[in-house]
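If you're matching them up, the sequences are chains E and Y in order.
Going by our numbering, the first sequence opens with residue 1, and the numbers climb by one from there.
Going by our numbering, the second sequence opens with residue 1001, and the numbers climb by one from there.
Source of the hints: derived by calculation from the structure; they are not laboratory data.
For glycine and all other residues, C-beta sits at the position ideal for the given N, C-alpha and C.
Careful: at least some of the hints might be erroneous.
[To be verified] If you want the ones that stay clear, here's a sample from chain E, every Cβ over 12 Å from chain Y, calculated: (1) Asp121; (2) Gln159; (3) Gly232; (4) Tyr235.
[Unchecked claim] Here's a subset of chain Y near chain E, in silico, CB distances under 10 Å, partners left out: (5) Pro1019; (6) Phe1085; (7) Leu1321; (8) Asn1333; (9) Thr1334; (10) Leu1338; (11) Val1348; (12) Leu1351; (13) Asp1354; (14) Ile1355.
There are 2 protein chains.
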Amino acid sequence: MNNRYCIIMAGGIGTRFWPLSRNIKPKQFLDILGIGKSFLQMTYDRFAKLIPESNMIVVTSQQYRDIVKEQLPQLSDDQILLEPFRKNTAPCIAYATYKLMEKDPKASAVIAPSDHLIINDTEFLHNLEAAFELADREEVLITLGIKPTRPETNFGYIQAYKSKKPVNINGHLAYEVKTFTEKPDLELAKVFVDSGEFYWNSGLFIWNLKTIDKEMDRLMPDIARLFKSGKGIYYTDGEQKFISEVYGVCRSLSIDYGVLEKSEHVRVFAANFDWSDLGTWESYYLLKEKDHKGNVVDAPNNFLEEVRDCVIISEDKNKLLAVKGLKDFLIINTPDVLMICPRKEKAVKQLLTDISLSKLEKVL
Amino acid sequence: MNNRYCIIMAGGIGTRFWPLSRNIKPKQFLDILGIGKSFLQMTYDRFAKLIPESNMIVVTSQQYRDIVKEQLPQLSDDQILLEPFRKNTAPCIAYATYKLMEKDPKASAVIAPSDHLIINDTEFLHNLEAAFELADREEVLITLGIKPTRPETNFGYIQAYKSKKPVNINGHLAYEVKTFTEKPDLELAKVFVDSGEFYWNSGLFIWNLKTIDKEMDRLMPDIARLFKSGKGIYYTDGEQKFISEVYGVCRSLSIDYGVLEKSEHVRVFAANFDWSDLGTWESYYLLKEKDHKGNVVDAPNNFLEEVRDCVIISEDKNKLLAVKGLKDFLIINTPDVLMICPRKEKAVKQLLTDISLSKLEKVL
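Looking at chain E on its own, in the form it has when it is part of the complex (with noise of 0.2 Å):
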């Protein structure tokens, strides 16, 4: 049990979730739900439930430490690493492989995005158990798949090797991995669902470090070299020179595009927990309970008339919102943003684009 690891992504920037989330504060560190923890606090407690606290790993971007710290006090600073640059999942995943590797060469981890939510832990960490014991017994790399339930177009989707025999470990079964797509159209996205063979990309994977070392090594062997010079200067006073200058010269990578679209030796779990990134404002709205006119409604001083499936947030608990004669619309009032925009993602995708080739990038 000691030498299994979670390592939780915690560096995005999140303007997913603008005007609340900022790149100051990303949707990772909010409590949006309103449950009394962030999502990055909720990710650890999900996991600590099964490894052990001194094997809780954050990786996450410099500007953002603080706030770990504050939020995570429990870690010590070995458990926190820190990313000078963005450069996508793959350096971080190697940055976190080879130092961890550097500690404990038998460690197999759990790789867990710190930003998403899942419902039922008991099914979730009866998953991830048998997940671990796939990763130690055989040299594959597991995907935690989510069966779907609607033909989403935001996702990414690994089909199973449905015609070949899955590996079952206490009732859990898991497949060969025969295609990876990224965010299909609708219409694909229809034919994905129908066909039974599909799973969304929960972006949870779980790997033997020795595994994932070995398909780097051959898939994409320039940043596993980058981080394997690191042996020696991790957990001393270089680290963080090093990781610079490692950063300064690595490509930006996904692990996905890296490693799983490639390697054969990926494995799909067809896990059954209920699973959502909460990567769009729609998804928190389907998420949420809802008022009887369809409004999810947090701005306790409000008077809405004719207002419908709506929702409307405000972190100014003083100021009365009057609002009338709306339907489908996000109101989001924050200290220095009001957006006021079509719930629908798109509407809100094309809004925050714009607003970030415009000049107001200081307000993301």
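Chain E is fixed; fit chain Y onto it per the hints.
Here is chain Y on its own, set in the frame of chain E:
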């Protein structure tokens, strides 16, 4: 000339430009048009071109005393009449009339709302000058009528007796009055406009105080008697106490209903200046210059996408207003209220009525 006075009625509570106007600072004290002067100050300046400044009187509510003194510091205390309660226009005019008559029995006066907009001062002053001439020559109560340009249902209408020969004062025609009609429905308003006999009631009245005294005596003797009984008390330390007692027992009545609709001495001047009572957000929208998308925007920090024919005002100049996909809406952001409402008058009115019926009066 020194017997001519101007009585500005500035006691109104204004929620019609809510949430910009509030009970603590109603419309007449605001610079809604962004000119650099409040409506009250514009009104004062307009009349001060014809009336000696020492003959300018402002009647307002006790609660607005400080704001009047701040906006019109040139006024002496005797020029500011303070009402302890709101009792509509008849007591307000009776108070000013009998106080002024004590000082100047020969006085004539123009009675003016404090929150209307008049564009062309020159035409206006010619009309006013002619009206004063007639008021000094004949025992008549003169109303300035505005030639209607649309079948407005929010104004009162005055029907001129066109078959009777008007009095001609330097080219300005004063007609006898046939009828008064308060806020007709649309169908009736169309008939009025088409007939050519009807004028909008601007709320601007000119008369010699002796004439209005006689008519008040005859048509609302209870109110006339109350304020006449202040003879010898006006301009003394006892005035405010006397006025408090009188307002405590005086009934609430409009001068239109109390005198003008009943008197046979009323004349309507066919005025030819550009006038608006600016009584609604819709009238504000119609008046203001719009950008090429039909928006009236007073929010320096804004990002608008697919926003058309809206009014967008923010008193928080630092806050970014990111708005998408709205047409014909008002977005008014003040320190303690955010209003989002369809622009059309009925929607705004209904929202305000419903808010005032709710427990939220404190925000009005």
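Hints and how they fare:
1. The claim that aspartate 121(E) lies off the interface holds: its Cβ sits roughly 36 Å from the closest Cβ of chain Y, which is beyond the 12 Å cut-off.
2. Every C-beta of chain Y lies more than 12 Å from that of glutamine 159(E), the closest at about 36 Å, which supports listing it as non-interface.
3. Against chain Y, the non-interface label of glycine 232(E) holds: every CB pair exceeds 12 Å, the least being about 49 Å.
4. Tyrosine 235(E), annotated as away from the interface, keeps every beta carbon of chain Y farther than 12 Å; the closest lies near 44 Å.
5. The beta carbon of proline 1019(Y) is positioned within 10 Å of a beta carbon in chain E (closest approach about 7 Å), and the interface hint is therefore held.
6. Taken as an interface hint, phenylalanine 1085(Y) does not check out: its beta carbon lies about 27 Å from the nearest beta carbon of chain E, beyond 10 Å.
7. With a least beta-carbon distance of about 5 Å to chain E, the hint placing leucine 1321(Y) at the interface is held under the 10 Å criterion.
8. The interface hint given for asparagine 1333(Y) is met, as the beta carbon of that residue sits about 6 Å from the closest beta carbon of chain E, less than 10 Å.
9. A distance limit of 10 Å between C-beta atoms decides the matter here; for threonine 1334(Y) the minimum to chain E is near 9 Å, and the interface restraint holds.
10. Here the hint on leucine 1338(Y) is kept, as its CB sits about 5 Å from the closest CB of chain E, short of 10 Å.
11. Taking 10 Å as the C-beta cut-off, the interface hint given for valine 1348(Y) holds, the closest approach to chain E being about 8 Å.
12. The beta carbon of leucine 1351(Y) comes within 5 Å of a beta carbon in chain E, closer than 10 Å, and the hint placing it at the interface holds.
13. With 10 Å as the threshold, the beta carbon of aspartate 1354(Y) comes within range of chain E, its nearest partner Cβ sitting at about 6 Å, so the hint holds.
14. Interface restraint check for isoleucine 1355(Y): the shortest CB-CB distance to chain E comes to about 6 Å, inside 10 Å, so the restraint holds.
In this structure, only the earlier hint numbered 6 is contradicted, and the remaining ones agree with it.
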